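Protein chains in written order, with my numbering: chain A, 1 to 247; chain B, 1 to 322.
Everything labelled a hint here was simulated from the structure, so no lab data went into it.
Be aware that one or more of the hints could be misleading.
Claimed, not checked - Computed cross-link-like contacts, DSS-like style, restricted to lysine-lysine with a CA-CA straight-line distance of at most 25 Å:
id : chain 1 : residue 1 : chain 2 : residue 2
1  : A       : K235      : B       : K258
2  : B       : K16       : A       : K245
3  : B       : K13       : B       : K59
4  : B       : K258      : B       : K51
5  : A       : K235      : B       : K294
Stated by the list, open to error - Among chain B residues calculated to face chain A with C-beta under 7 Å, some are:
id : residue
6  : L65
7  : S70
8  : Q270
9  : G302
Given the structure is predicted, the values throughout are model-derived calculations rather than measurements.
Quick reminder that beta carbons are idealized off the backbone N, C-alpha and C, glycines included.
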Amino acid sequence: MKTLVCISNVPDTTTKISFINNDTAFNNAGVQFIINPYDEWYSLVRALELKEAAGSGSVTILHVGAADSEATIRKGLAIGADDAVRIDIEANDAFAVAEQIAAYAKDKGFDLILAGKETINYNGSMVGGMIAELLNLPFVSMATKLDIAGTTATVEHDIDGGTEVIECALPLVLSTNKGMAEARIPNMRGIMAARTKPLTIVAPIATEQLTTVASFKLTPGRTDCKMIDASTPEKLIELLHSEAKAI
Amino acid sequence: MSVLIYTEISKGKIKKSSLEAVNYGSKIAAQLNTTATAIIVGDADVTDLGKAGAKKVLKLKNDKLNSLDSLYVTAAIEQAASAEGATIIIFAHDFTGKAIAPRLAARLKAGMVAGAVDNPTVAGDVFSVKRNLFSGKATAVYNINSAKKVITVLPGSFPIELTGGTAEVADFAVNLDAVNSPIKVKEVKQDTTELSMLDADIVISGGRGLKGPENWGMVEDLAKALGAATACSRPVADMHWRPHHEHVGQTGFAIRPKLYIAIGISGAIQHLAGVNGSKTIVVINNDKEAPFFKSADYGIVGDAFEIIPKLVAAAKSFKANQ
Ligand SMILES: Cc1cc2nc3c(=O)[nH]c(=O)nc-3n(C[C@H](O)[C@H](O)[C@H](O)COP(=O)(O)OP(=O)(O)OC[C@H]3O[C@@H](n4cnc5c(N)ncnc54)[C@H](O)[C@@H]3O)c2cc1C
Ligand SMILES: Nc1ncnc2c1ncn2[C@@H]1O[C@H](COP(=O)(O)O)[C@@H](O)[C@H]1O
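Could you build the full structure based on these sequences and the hints that come with them?
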């Protein structure tokens, strides 16, 4: 089985974010970038588990982005992906990213294409479903469990008000959510091996940009925390009612 | 040209997030001098869709629409949009919106903005939509450059206004004979929790400071007294003190209730990522240096085991006097 895992490169959650150029661009300076946690913990690790269980197959990671994301790609290889692809263009619109991924994947015969639930910086939850449409494949969103038997996938996924279990003949596109797998820490052997695993750089196709960011703004934080004495917790209930109008 | 809004029924009623989406769509329609049409699968009382601003409601009819299969639902919406001449299509940014809207946007070559938090502004040809980024730490204004547009609206971003009128209601037969999905639904498991933290106005959440699953009784008592749902931090779910579907944060669910009460949670940034969209935040922690106090509106420094029972009593007497 051939699996493609789409990975994005995102600022670590603990990053202090700021914007530059008159609030029109994210300030990359000094920012630690990581593999989007959904892509790493859920998609990639589950793809590797399935390959190990089957004893055959391959797991390719794919990233749309510029050369500065190489460390992120090598981390994915260190965790265990067999090879990596980078489509050499700055990613700035979900549809453009999906078009790049679909153009690469369309004649490669992947049985399974995994995208994360969302990127932790843009929180869009768009790319997976768009890839499915561009490749004319079925799509299951927010997968929390994935098993493969032969050429059939069984997927449990979150829907409003509960969960649904579906079965689908491969090929299939999924977006992955918590539950798929547990995090894996790369070991020394993996890190060494990652240096020599193949990383193919692919030229981008021409795409239209359907959306553009006009401006960014930091959300003002909460300013004052009103402290209530531990001996009078009923005061909290009173304030939540009369002041915060929360109850 | 018109605005189309995909709406849903849950437990026999129109979903709250659907009414928000209709409010949103009808405001866009008003700005563009056109009207909003709501589409819905299944039978329900759709009066509220008119009150929320829809001028027309189309009830989509086709057995293939009984599950959330993006191949069927996308084709159905495409047909309704084409019949209505709709160029702007709105969803709630919930599980359904995330399953369907991206596929529809790609099919229509429509620019998409996910998780809008404010009404769009339309100035000549420039159509701008504000949304959250970085789990609420920032916002961005996006311009949609294409003629067709797909927008998902972040639930809980606006109060619902039911001040509109009466919608004209019609059935809309969808033809899906040519669409065949390989996906087969095997089982649907309904959430058994009475109130899901995703829908709740008030959420009470516990962290590692509560020491063990046996101590959750008082958290549930407080939730019950306030009509709240319960949630937890990641280690609590990882240690199986609480079910995984209660885990909030960067790697769990993001929630935006009116009131979030965090008990024995330190306030790590990954936890905040899932809750900082809450309107009011209360933190109860025995360490006055806990970082969570910096992101809270109200705080109590003290032992949860002493404070919670007193809060339960205070909440009960408050409710009794309402
Ligand atoms: C990539 C990544 C993703 C993550 N994703 C998430 C996520 O989605 N959600 C999440 O929650 N975490 C997440 N984490 C973990 C996060 O960093 C914290 O470790 C976690 O939130 C801590 O949980 P806690 O506050 O319950 O426990 P602790 O940090 O141990 O805090 C317990 C708190 O309880 C207080 N306390 C102790 N006893 C009492 C008492 N008797 N009364 C009152 N207070 C008391 C303590 O003072 C302390 O502040 C993630 C971490 C990483 C690296
Ligand atoms: N630049 C990118 N390169 C590869 N995959 C991406 C990229 N951006 C997003 N994705 C994938 O799409 C998922 C959802 O992203 P989004 O729709 O932007 O929230 C991510 O978890 C990744 O799997």
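Cross-check of the supplied hints:
A threshold of 25 Å between alpha carbons decides the hint, and for K235(A) with K258(B) the separation of about 19 Å falls inside it, so the pair holds. With a C-alpha separation of about 20 Å, the suggested pairing of K16(B) with K245(A) holds against the 25 Å cut-off. Simply put, K13(B) and K59(B) have alpha-carbon atoms about 14 Å apart, close enough for the 25 Å limit, and the pair holds. Taking the CA atoms of K258(B) and K51(B), the gap is about 24 Å. The hint holds against a cut of 25 Å.
Using a Cα cut-off of 25 Å, the hinted pair K235(A) and K294(B) holds, with the two alpha carbons roughly 20 Å apart. Given hint, L65(B) at the interface with chain A, is violated; its Cβ is 14 Å from that chain's nearest Cβ, farther than 7 Å. Annotation: S70(B) was flagged as interfacial toward chain A, and the flag holds, the nearest CB pair being 5 Å apart, inside 7 Å. Nearest Cβ of chain A to the Cβ of Q270(B): about 5 Å, under the 7 Å cut. The hint holds.
Given the 7 Å rule on beta carbons, the hint for G302(B) holds: about 3 Å separates it from the nearest Cβ of chain A.
Against the hints set out earlier in the document, a violation occurs for number 6 only.
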